[in-house]
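Asker: Chains as they are written, first to last, in this note's numbering: chain Z, 1 to 506; chain W, 1 to 331; chain D, 1 to 326; chain V, 1 to 360; chain C, 1 to 328.
I should point out that these hints are in silico values taken from the structure, not numbers from a laboratory.
Wrong hints could be hidden among the right ones.
To be verified - Computed list of lysine to any residue pairs in SDA-like fashion (alpha-carbon distance at most 20 Å, straight line):
hint, chain 1, residue 1, chain 2, residue 2
1, W, K160, C, P241
2, C, K45, V, G20
3, W, K21, D, F10
4, W, K21, D, R317
5, W, K37, W, I289
6, W, K21, D, L309
7, Z, K318, Z, P301
8, D, K186, Z, V200
9, W, K160, C, R237
10, Z, K292, C, N82
11, Z, K70, Z, E105
12, D, K240, D, L153
13, Z, K452, Z, S435
14, Z, K13, D, A87
15, W, K21, D, L6
16, W, K21, D, A88
17, Z, K13, D, D57
As the list claims (entries may be wrong) - Reference excerpt, derived from the structure (chain V facing chain D, CB under 7 Å, subset only):
hint, residue
18, I56
19, L59
20, R86
21, R89
22, F97
23, L107
24, T117
25, T122
26, S125
27, A144
28, G151
29, H154
Backbone N, C-alpha and C define an ideal beta-carbon position, used for all residues, glycine too.
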Amino acid sequence: ANVFRFAFQGDIKSLDPYSLKESFTIGMHGAAYESLVTRDKDLNLAPQLAESWETPEPTRWRFHLRKNVKFHDGTDFTADDVIFSAARVRAAGSNFQTNVPSDAEFVKVDDHTVDMVLKKPNPIAIFQFSTWYIMSRSWAEKNGATAPSPASAASPSYAALHENGTGPFVITEHQPGVRTVFKKFPGYWGNVESNVDEAVFTTIGNAATRVAALLSGEVDWIDPVPLQDQPRVESSGNAVVMAGPELRTVFLGMDQWRDELKDSSVKGKNPFKDPRVRQAFYLAIDEDTIAKRVMRGQATPSALLIAPSLYARSGEFKRPAYDAKKAKALLTEAGYPDGFSLTMDCPNDRYVNDEAICQAVVSMLARIGVKVNLNAQPKAKYFAKVLAPAYDTSFYLVGWTPSSQDSHNILYEIAGCRGDGKSGRGGWNLGNYCSPKVDALADQVEGETDSKARDAEIKDGFDTIQGEWGYIPLHQQALAWGVSKKVTLVQRPDNMLMLYWVSKQP
Amino acid sequence: MSAAAPYVEVDGLRRVFDVSKPWLNRMIERAPRQTLKAVDGVAFSIARGETFALVGESGSGKSTVARMVVGLLPPSGGEVRITGISMTDPRQAAARRRLRARIQMIFQDPYASMNPRWRVGAIVAEPIRAFDLIQGEAAIRARVGALLELVGLHPDDARKYPHAFSGGQRQRIAIARALASEAEFLVGDEPTSALDVSVQAQILNLMRDLQDRLGLTYLFISHNLAVVRHMATRVGVMYLGRLVEVGGGREIFVQPRHPYTRMLLDAVPDLAHIGRSRVPVAGEIPNPIDPPPGCTFNPRCPLANARCRSEVPELRNGVACHAAEEGRLPA
Amino acid sequence: MLAFLLRRAFQSVVVLAVVGLIAFSMFRFAGDPVNQIVGPDTPVAERAEIRRSLGLDDPTLVQFGRYAGNVLRGDFGISYQFRQPVAALLAERMPATLELAFCATVFALTVGILMGVYCALRRDTVLAKLFQAVSLVGVSLPTFLIGILLIFLFSVTLGWLPSYGRGDTVRLGWWTTGFLTLTGLKALILPSITLGLFQMTLIMRLVRAEMLEVLRTDYIRFARARGLTTHAVHFGHALKNTLVPVITIAGLQLGSVIAFSIITETVFQWPGMGLLFVQAVQNVDIPIMAAYLLLVAAIFVTINLAVDLLYTVVDPRLRLSTGRTA
Amino acid sequence: MSEPILSVRDLRVAFETRRGSLPAIDGVSFDIGRGEILGVVGESGAGKSVTGSAVIGLLDPPGRIVGGEIRLGGERIDTLPPERMRRVRGRRIGMIFQDPLTSLDPLYRVGEQIVETIRTHTDLSARAARTRAIDLLAEVGIPAPERRIDGYPHEFSGGMRQRVVIALALAAEPELIIADEPTTALDVSVQAQVITLLKRLCREHGTAVMLVTHDMGVIAEAADRVAVMYSGRIAEIGPVEAVVRNPRHPYAVGLMGAIPTLTQGSGRLAQIPGAMPRLTAIPPGCAFHPRCPKVFGRCRVDRPEPIRTDAAPARTGSDPASSSPSAVACHLYDPDAADRPAPAGGEPPVAFHAEPLQVR
Amino acid sequence: MSTSVDEAALAPPLPTGAPLAPEAPRSGFARFLGSDLWASFQRSKLAMGALAVTVLLFGLAFSAPWIAPQNPYDPAQLELINSNLPPLWAADGQAPFVLGTDDQGRDVLSAVLYGLRLSLIIGLLGVAVSGTLGIALGLVAGYFGGIVDAVVMRVADVQLTFPAILIALVVDGVAKAAFGGALDTNATILLIVVSIGLSFWVQYARTVRSSVMVERGKDYVQAARLIGLSSPVIMVRHVLPNVTGPVFVIATINLALAIITEATLSFLGTGLPETMPSLGTLIRTGNRFLFSGEWWIVAFPGAALAGLVLAINLLGDWLRDALNPKLQ
Ligand SMILES: Nc1ncnc2c1ncn2[C@@H]1O[C@H](COP(=O)(O)OP(=O)(O)OP(=O)(O)O)[C@@H](O)[C@H]1O
Ligand SMILES: Nc1ncnc2c1ncn2[C@@H]1O[C@H](COP(=O)(O)OP(=O)(O)OP(=O)(O)O)[C@@H](O)[C@H]1O
Ligand SMILES: [Mg+2]
Ligand SMILES: [Mg+2]
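In isolation and in its complexed conformation, chain Z is listed as follows (with noise of 0.2 Å):
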């Protein structure tokens, strides 16, 4: 049999579709499970379970689903199916309730056809469709998977040891944190790109040993390759480094919500809730340098939080020059001359070189007298710590890729005032950064339909983030897969691995 091994840092958390949104759990996921609409290899969207859609009127979808179609159990794909995955996946526990909009009603009309009616007009309804994996209504409730596993289950949920997907793998063997085995679908509906038989996944999580693995020829594909080896990789003469831009952008927050910031020296007031601590902050970091040094040339230093392959007018944003004297100058304006201290929170597995890079940071910054105190920690503490309900932080940094592919997400999620969270916006706005403008301006990017009145809002929307210095962006980060030589495969910008487009010389 032709077998594929490869390695990720992370794990396959829950086969359950709708438990985790991450990245490459949600690749994995793809390999099993299939959705109405996919995107091609160049993220394009695609039909899949759907063989094609239409918009009769503007709040009404109509999905003409795919025939002869089989569950990895041997039943039947209908329309009852979907209408159950959609009630799943925007049910409580739910990781994925934003794929598909709230507001949505799912209709059946026939065996293979399904309504989906909206209460407002919404063009990228269907944007994040690619992951909504559509799951089996009757063998969910026969194994009592109906709902997404709740938080407090005393028992562990069926689905996120089991799959029965329409995908053209099977997997047939999951331990979880250790190995995970897929195998060809002899039943799927359609024409599998892959010449795989097998493929088996296993977490490595230290660097050095899972280099080693590839470079040894152990396995066929590594996510990521360190910066640092990659030129070890590629002479290695086995293998290369399969290198591209991603769509993550990386960059840095700020309290600006609290009265007096945590863990600081200053007392009783918040130093960035004044404009001139922010720009001189964002002054003081030497991107440039940040992305020739410690992410070896292989990160794109960004002016905006989108990356720009996503935004059609990007290029007319530009990073303000690095400026260290003049942020000194700005530190004294605002009347900290001698600077003062504060705690960074960064995390130290999650992004490439994450610990390096709030490093990096914390040395320009004591440069113009600003003391940081550095947190580093592993994602699962650092998100635990930062994230709501505590947002426990006050200058931090993260990776941010818009689901939708699309720029409303960061006005929205990123860049929403989080209000008395009960507005649903600035989820991941950590130090609440907030514009009225800016939460305007993405109500209005939402219904617009017109893509240049579109554009126009969008660049209004961010010029005004820049302008307010509301959050320091520092670059798109490069992915960075280890592949064997004997091995093709697709990368696509969202680093997700497809399975179905891997190939592997016997």
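Assemble the complex: chain Z is given as a structure, and chains W, D, V and C with the ligands must be docked to it using the hints.
Answerer: Relative to chain Z, chains W, D, V and C with the ligands alone:
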């Protein structure tokens, strides 16, 4: 002190050790609680200036008696009185504290009886400081020097550590320490059995000289009958925790009455009898946990009869033996 | 013997109970477990409901009692990270760790004893000195560095041995074994050496020291005086006596091999309990941590008991439990 | 006297230590005849055990023989290769150590240890060896040997253990037994039993014995001849009667006087002042001279050689010890020594005074 | 009756064998120089070498702030431009970075010196904590015996169940979860020290306890009891000094172990932050550059750690042999 009031009186002294297995074992194996009568009803007295010796085979309870006499081990029964002061009576605690300084012990292994990390000067001075006998460092040092000279060492030796001395010298230091606290009663538990004969002679002579000069009273323990013969004014013979014969030094050695005493004396090789084979007595000392009934010596005794196997003989006229009482002793 | 076993069993239960209590009280100190269970966007009311349903509002002792009861029934709770019963997770990972620990121990014991005996018998040879020096280097470098250097040498540069994982395993009931396949056996080599190196050094030094002591004893002199062959003296008498104290230490070490395996497992991505534990620590997955600690304690206690029994097999003096041994 | 079983000539043993080479044995010569028991006495550290170990070839490193020769039944054994020497041990020379508890391997049954020894030296089958082991145990007076043979050493009492050790030493019927303080750890009553046993067995088997001990009493009872050692040399050697009743060497005189006896009353003991020198500081000349009451000029310079005292004067050049059972190493008895204080007569030339501690 | 020596005119001392050279009073150090320990030390070239290395490394570590070219803990001194420079002697080496720089432009030499200092401080403090705890508990257990002893020893058994890293991991994990980001570097150091202290005390306690039980039965303790000294006084004045030898040996070996443990914790991600690296942190960081050819980032800290631990171990070994009377 009149001759009627002995210096040391030991009365019905008993000591029982619990040697049972742990509780759980006893429960499971249904084994009873086991006790070992190390000392069983021992009584004797020592007059001032006298040397009383205890002899007996290993395990007969000599050391246990000694440790009870000096108060290192509480007796299970009976009493020890020294100059009339009880070593156990709580009402006489204050008097006993004063008495402490006058009772000292010399141990078998002189090296083990000294803290190897202490200098000889500190070792000898320790009782002086503990009992607060002399004030002032200089005075203490002078006294230590004098004590070392007394036992035949040089005052400068006070600066050395015990390991720098030979066995005999160490035992001298131990004696100097015992004397440091104005002791008048010394208990020696085999004080020379770790030493060579020639060194033993030095120490035995020293002990006797000190006794003559300072009027010391000794309780002297040894398993070497010849040494006991040399040192003792009176001798007690112990067997399995009991005193089987007590008497004046000469008496015991010239006219032993108890068969055990006779056996012991017969077993001693003597320079006087070159080439003579001894008549070894059969058997070894029985297990003290499970002693034979009646007279504990009966399994090894050539004179044992039915009474000996059932009835424990009392110590009368200095001997605890049915045969002696019944006049069955051969000449 | 029965009494001995009973007493030890009782002590073991006490030890386990204490470990359990410690493990349990970590729930208290590690903060609110609910935060570890739910996502960031869970409303306060739902959190309270979860807390109530998990019984976290009860007094500590009640919680401990319930926990102990659950543990006795084999229920160790649900992992926060994996949302799966901890018992199942550990059971799945246990064969990997035990096989690794077994191989590492066998390696440490055989090589350690051989080298120790050699160093004691030929204490002044160059080779003996070399063994001692090299063994010290083994304890002077952190295990993880040794592991990575081994990978670098044997996997990447020479390409002889795998760098991660267990290779192919065969399932025998619930147990998975790597002993039955070639890849499985090869995969065991590097991790076993890495894990066993430290213990090997200890055992070697212990054997050497003990053997030197034993060689000085009277019964060895007497054995020589009886004209026994050198071989009989060294291996029949000296080594056997040396092993008595070595067994205890080796037993203690065996327990720590299992605990130490967390580092080796991390380096070699060995899918065992140690790896699970490290992830649990990083993710504050307390049910896993607690269960792992309990399990290690149980294994340790069992090994200790086995060592004590072995002891009595080797040393006849210990078979008599009466007070009258001379 | 016929050809001796053991013949030691001018034996020298040194310990190489960091403080230099220490001469533990310095020119020791003696013979033991067939069936003879030679007692070796002397203070602790005199070199008794080292002599025994040297004879059986078991000196602990860093000790080694640096001179002299040892012959067993005429054959030189100190130069034998290790493997051949091993076959001499146990087979031709047996050994008994002081402490019977520590002499036996605690992990093996008594029978296993005896059978092991027998089978190492003979071709007996395991069954035959076991039968022989039971016989041996019976011979040394262990009751119910067929049952006790399967016991472990710790199940035996001290006296019993020493009997087992003796049985082991006799297992291969050696010509010579070296007994290093075989009774020191035992009670007097048991001691008497063991010594009597040893004597009987040796007489019956014609085995020669080198009996090392502290205890003059034991020597007096058991030995035919006695060697008094001091600081690595033999001070005096001769028949027991002569040495005990009429010692000549001042050290032997002191030693005999220091021994308390049952018959003697409670007078003072004679005492030799001071202590034996350490190996690191052996005085020049006669090692005993700093303690000797009869010391004279030559003692401080010249080391005294053994002088025959029983038969014809030894100055004829013949080896003093080979044919003569008696010798003393003291200048007092050297007819050539002009300045010696008193002639050697029938009376002991020296006497130690049991002087009381003087009170000034 | 009293023996007054003043009035008792004494005979001249009996001859006592070899004449006693009157010893001049000497200081403790002079005594050490004259002792067997020192003599055995002088004979052992290995021990001397080990001591030289140890002293050198201690010296370097504790003078780091004065001799290091850079303060690697001060972020303002790090220039990203200088990152990943090889050692001076390599082709691209650059002054003043003698041993090269790491990925943050940190001077490796300075980092090693400061890291050494931090590792040593943790090791020494860890040993101090575990030693104090262990000796105290061992004394109490050995002295009081009975139920106290049983309790202490059962606790020790439980403790033995968990090797150092497990305890450290758990303590660290729980503390971090409890205090979150509030832990600064000093608190982290304290945490590691406490973890090490908690996991290493058993050995001391067991050793001290068994020594105390042996010493307690010795005649010199009986002699002291006879004088009427109270048991605590006897324990402290008589027994304690006699158990220091083995304790010292354990302490040496444990110092080495503690340093390794800290390094291992670093590897598992619970050690010191990368901004304030110990040797362990440096090795963990440098590990990442092992395959990429930037060997100097791991090699020099690794060599420093191995050298230090090896030297201390050798010293401990020698000490163990030298203090073992049976081996002399
Ligand atoms: N602490 C103890 N616990 C249990 N049994 C003891 C204890 N101390 C002494 N014994 C027992 O008491 C008996 C008498 O012991 P003791 O030490 O008094 O004998 P001894 O006559 O001094 O013997 P030795 O000549 O060997 O010194 C022995 O059987 C001994 O085993
Ligand atoms: N292994 C050794 N290293 C150094 N010196 C030694 C060694 N063994 C013995 N000696 C020395 O050799 C001398 C003779 O020792 P030996 O054991 O023969 O004395 P001994 O007469 O048997 O004394 P004891 O009566 O105490 O057994 C002693 O001074 C002793 O210190
Ligand atoms: Mg006694
Ligand atoms: Mg000897």
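Asker: Determine for every hint whether it applies to the structure shown.
Answerer: Taking the hints in turn, this is what the structure says about them:
1. K160/W x P241/C: holds (17 Å)
2. K45/C x G20/V: Holds. K45/C to G20/V sits at ~19 Å (cutoff 20 Å).
3. K21/W x F10/D: holds (17 Å)
4. K21/W x R317/D: OK: K21/W and R317/D at ~16 Å, within 20 Å.
5. K37/W x I289/W: holds (7 Å)
6. K21/W x L309/D: holds (19 Å)
7. K318/Z x P301/Z: holds (10 Å)
8. K186/D x V200/Z: holds (19 Å)
9. K160/W x R237/C: holds (18 Å)
10. K292/Z x N82/C: holds (12 Å)
11. K70/Z x E105/Z: Cα-Cα ~25 Å, so violated.
12. K240/D x L153/D: violated (38 Å)
13. K452/Z x S435/Z: violated (23 Å)
14. K13/Z x A87/D: Given pair K13/Z, A87/D holds - Cα atoms ~18 Å apart, limit 20 Å.
15. K21/W x L6/D: holds (14 Å)
16. K21/W x A88/D: Status violated; Cα separation ~44 Å.
17. K13/Z x D57/D: violated (29 Å)
18. I56: holds (6 Å)
19. L59: violated (11 Å)
20. R86: holds (6 Å)
21. R89: Holds. Min distance 4 Å.
22. F97: Because about 6 Å separates F97/V from the closest Cβ in chain D, which is inside the 7 Å limit, the hint holds.
23. L107: holds (5 Å)
24. T117: holds (5 Å)
25. T122: Given a least distance of 11 Å, the restraint on T122/V is violated.
26. S125: At 18 Å from the nearest chain D Cβ, S125/V fails the 7 Å test, so the hint is violated.
27. A144: violated (19 Å)
28. G151: violated (9 Å)
29. H154: holds (5 Å)
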